[in-house]
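Novice: With the numbering used here applied, the sequence shown corresponds to residues 1 to 230, in that order.
Keep in mind the hints are simulated off the structure, nothing from the lab. Nothing here was measured: the structure is a model prediction, and the numbers come from that model. Heads up, the beta-carbon is just placed ideally off N, CA and C, and yes, glycines get one too. Some hints could be false.
[Said to hold, decoys possible] Straight-line alpha carbon distances no greater than 20 Å define the calculated DMTMM-like cross-link-like pairs of lysine to aspartate or glutamate that follow: (1) K59 - D29; (2) K59 - E22; (3) K59 - D18; (4) K59 - D118; (5) K57 - D18; (6) K57 - E22.
[Said to hold, decoys possible] Have a look at the derived ranges for each label pair, beta carbon to beta carbon: (7) D158 - G87: 19 to 25 Å; (8) R209 - D18: 36 to 42 Å; (9) P125 - Q84: 30 to 36 Å.
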Amino acid sequence: MPGTRRTPTQERGQVTQDAIVEGAATVFDRIGYGNASLSMIAQASGISQGSMYFHFKSKEQIALAVIHEQHDRSMPLMARVSEQYDGVLERLIRVSRAIVDQLENDPVVRAGIRLTLDEGSLSQPAGAFYEDWISGTAAQLDVALQAGDLVSSMSAPDLARTLIGFFTGVQLTAQATVGRSDIAASVDRMWRLAIDAIVPEPRRSAATRVREDAFGAAGDMRPTRPAASM
1 MPGTRRTPTQ ERGQVTQDAI VEGAATVFDR IGYGNASLSM IAQASGISQG SMYFHFKSKE
61 QIALAVIHEQ HDRSMPLMAR VSEQYDGVLE RLIRVSRAIV DQLENDPVVR AGIRLTLDEG
121 SLSQPAGAFY EDWISGTAAQ LDVALQAGDL VSSMSAPDLA RTLIGFFTGV QLTAQATVGR
181 SDIAASVDRM WRLAIDAIVP EPRRSAATRV REDAFGAAGD MRPTRPAASM
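Given these sequences and hints, build the entire structure.
Specialist: Okay, structure coming up:
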């Protein structure tokens, strides 16, 4: 992603940039792009504003760097997980579980996805992660649809865009209602519905076993919104 940051000339410069990206991610994850200020980012990064300005000239450059880093963390993980499994549906379920784990544990991934979904605040396009994810998923779905392993009246690209939109929607709903504690359970329930919709009945039991192995008892959890702290 060109133009997001000054290229560091020394290892120390790279360490500083990494600290800014990590600090900014915690701020963007907590309060969003619009409410974040450069002073907040500097404080969270443990970097002086003068040093921050040397590496990034604007809040938008920092946000794009966070998105770029999230892409660099998520896409290789998705590829590694996919390589471990043969069936298309199992790959998709396992990849979704891996992304859930990142969302639960990595503020850079959470912030990058939040910023991508809020890209109206950014002048540069920020949806490359989703477009890459959709195109890769569509290619796999096309194989499964042609083989009869999945069934749908939708084309592979439309089905991929719908499934990933479904995933994103349940993630955002969980975040808005129960503060992320329900993300795994929400995605598990998404797959329950998707399996019923696109997996032929003779293959449904096997798909259900994969889902249960990936998500365990997550789908049976019914967390409530945590009480507000005083």
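Novice: Checking each numbered hint in turn, tell me which of them this model violates, lowest number first.
Specialist: none
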